[in-house]
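**Q** Next come the chains, spelled out residue by residue.
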Amino acid sequence: MSANTIYLALFLYFIIGSIVARRAGKKLGGGVNEFFLASRSLGGIVAALTYSATTYSAFMLVGLAGLTYIGGVGAFGFELIYLSGLILVAFFGPRFWLVGKRYNYLTPTEMLGDRYQSKAVAAISAVAAVIFLIPYSAVQLIGIGALLEGISGGAIPYMVGVGIAAFIAVYWTWSGGLKAVAWTDSLQAAVMLTVAITSIIFIAYRGFGGFGGMFTQLEAQYPTWLTVPGPGFFNVKAFIGLTLPWFFFSISNPQVSQRLFMPRSLGQMRIMVMGFLVFGFIYTIVSVLWGFSARLLLPDLALADSATPALLGLSIVPASIALLVMLGISAAAISTVNSIVLTLSSMVCRDVFKNVSTGANEDRELLVGKIFVPLFTLLIVFFATQRLGLIASLSVASSAGLLVMVPALIGSFFWKRGTAAAVLASIIIGGLVATILQFSGLRPLGLWPGVWSGLVAVVLFIVVSLFTKAPEQKAAEFLGYLKEELSGRKVI
Amino acid sequence: MSLERQRILWVVLFCLMILTAIIVPFTPLMRDLTKFYGAFLFWSIFGLVVIVCLGFITAKWRDDDER
Chain X
0 MSANTIYLAL FLYFIIGSIV ARRAGKKLGG GVNEFFLASR SLGGIVAALT
50 YSATTYSAFM LVGLAGLTYI GGVGAFGFEL IYLSGLILVA FFGPRFWLVG
100 KRYNYLTPTE MLGDRYQSKA VAAISAVAAV IFLIPYSAVQ LIGIGALLEG
150 ISGGAIPYMV GVGIAAFIAV YWTWSGGLKA VAWTDSLQAA VMLTVAITSI
200 IFIAYRGFGG FGGMFTQLEA QYPTWLTVPG PGFFNVKAFI GLTLPWFFFS
250 ISNPQVSQRL FMPRSLGQMR IMVMGFLVFG FIYTIVSVLW GFSARLLLPD
300 LALADSATPA LLGLSIVPAS IALLVMLGIS AAAISTVNSI VLTLSSMVCR
350 DVFKNVSTGA NEDRELLVGK IFVPLFTLLI VFFATQRLGL IASLSVASSA
400 GLLVMVPALI GSFFWKRGTA AAVLASIIIG GLVATILQFS GLRPLGLWPG
450 VWSGLVAVVL FIVVSLFTKA PEQKAAEFLG YLKEELSGRK VI
Chain S
0 MSLERQRILW VVLFCLMILT AIIVPFTPLM RDLTKFYGAF LFWSIFGLVV
50 IVCLGFITAK WRDDDER
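Chain order of the listed sequences is X and S. Residue numbering for the first sequence follows numbering that gives the first Met the number 0, beginning at 0 and increasing consecutively. Residue numbering for the second sequence follows numbering that gives the first Met the number 0, beginning at 0 and increasing consecutively.
One chain only, chain S, in its complex shape:
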């Protein structure tokens, strides 16, 4: 896959992730979930998923002598 295409796919994926992180906790289902496994767990998982995705993207960042 070309770099351009990869970039677009990551941008789309990240936009969807951010929108999900903003919208889902305000939906009726989660708005009434007054438990630890409600918004707190949801946002924790969101944070971890972002970290993993950035781990994938930055895997190609190398020291110059490794190239």
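Chain X on its own, in the form it takes in the complex:
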């Protein structure tokens, strides 16, 4: 595909998105809550689309398709169990939303700090989120850089692709904070889903005569790809090692859990959850079918992650569809990066700056938050320029690393004995365990890093809590308020 065609498509995409972002920006009021949470006023459909676009990154059509290519149907099970992690939102969603409104929390880490009555808890958990999410975001940009370089036959240099994606992400975020991110995310989610469905229909019918034909060929040529462990990748330990940390994604990842503060009512949150589930179910099926298609049409690829770019180069995929898929994958990556950047910036201004600065007021807090939007983006670009194995490792470690926040989060809503010391111990030591195991490649007892970091965090949180003093008054007030509100609303 010619570089000029790709540049033109990206330019048009940028212009349309910028019009949306500027319109959102014009409706932007003042204050930190407005910039980072749209004043908790999102409608259900926009909330569902921004939740979907934030959750689903370039990993789906590239990474998950690649996992299916090498490991078969196990990738589908892994991703659907991950989607079923929304079960957690059934319990935590209304609780996050209620206390967010009551105590005016801006970030999930601020909530942890207040609930456990410790500024250190807020600051350390915010820093942990930065450590694990910056490399994760860098991998998104690396993905776009490699994709554009690949489909243009090298005519679009890697760094140009990275730079374009970073510029779009930061420009849209600056245009209008969360409102602009949510509206452009909605546009991007619509592009992601439409393109994914259209492209798989083309591939299935032009490549195999339909979906039935695709499965008939799979059953005949690659039967083990329809089973687990199948070709071998998805043995039980690998399957659990992957699914366990990702199952908790909806509460462990702050860019997603912060979205539980944003709907304007619980009724709108319901639309958000159900909308996301339908989006995720379809997007997962399409991504896995991409992987199966690549397995049948391109059986000799050396790298699993090249399955999608290689598939786009086949003659059965019209150039216009290939171009749209490229846009869809870029949209998935950009919408994840800008949401992460905005969430991390809100954490820095609220959980770090406000806690350490003596002269912090809302204007200065907002200014700090806004300054960190381009700063974090530059940091992500810098990481993306390195293309190091280190970044990939940290990115993979992100799910295992952020999993260590889960005991503290569960404890804040369901266990009044939890203490700040226990939260700090579980996050710091659990995070170190995740990182060390990921870098060293060690798998004690054959178990993956996420299993160990999760276990360590749970044990430390419980044991340290039993030997330290809990913030009894705050716990009683926090949990008492929730109990009263939930029973009044008949919500479990």
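FYI, nobody ran anything at the bench for these hints, they're computed from the structure. Keep in mind that this is a model prediction, so the values were computed, not measured. Some clues are possibly wrong.
Claimed, not checked - Below, simulated DSS-like cross-link-like pairs (lysine-lysine); rule was C-alpha separation at most 30 Å, straight line:
#, chain 1, residue 1, chain 2, residue 2
1, X, 100, S, 59
2, S, 59, X, 473
3, X, 100, X, 26
4, S, 34, X, 236
5, X, 415, S, 59
6, X, 482, S, 59
7, X, 369, X, 26
Please build the complex by placing chain S on the supplied structure of chain X, with the hints as guidance.
**A** Structure of chain S alone, referenced to chain X:
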């Protein structure tokens, strides 16, 4: 049924569903079922059941003016 009891029942049900989703495809019966209607269909149904269950649970989430 009290809210507390409902919550416990849903937690138990969801734990069973997740365990089933992890264990069943690895059992000998399904491990050798190299067909579309093996693990692929099983996990598809699992995903749909989760969506329906969440539809039930969230049905009580209302807008404030509907309460």
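**Q** Hey, residue 100 (chain X) versus residue 59 (chain S), does the alpha-carbon distance stay inside 30 Å?
**A** Holds, at about 19 Å.
**Q** Starting from residue 482 (chain X), check that the Cα of residue 59 (chain S) is at most 30 Å away, please.
**A** holds, 16 Å
**Q** Check the hint pairing residue 415 (chain X) with residue 59 (chain S) against an upper bound of 30 Å on the C-alpha distance.
**A** holds, 26 Å
**Q** Given the proposed pairing of residue 100 (chain X) with residue 26 (chain X), does the C-alpha separation stay at or below 30 Å?
**A** Holds, because 21 Å separates the two Cα atoms, which is no more than 30 Å.
**Q** Could you grab the alpha-carbon distance between residue 369 (chain X) and residue 26 (chain X) and see if it respects the 30 Å cut-off?
**A** Within the cut-off at roughly 17 Å; holds.
**Q** Given the hint that residue 34 (chain S) pairs with residue 236 (chain X), does the C-alpha gap stay at or below 30 Å?
**A** Holds: residue 34 (chain S) and residue 236 (chain X) sit about 24 Å apart, inside 30 Å.
**Q** Between the alpha carbons of residue 59 (chain S) and residue 473 (chain X), is the straight-line distance 30 Å or under?
**A** Holds, because 28 Å separates the two Cα atoms, which is no more than 30 Å.
Every hint, counting from the list given before, is met by this structure.
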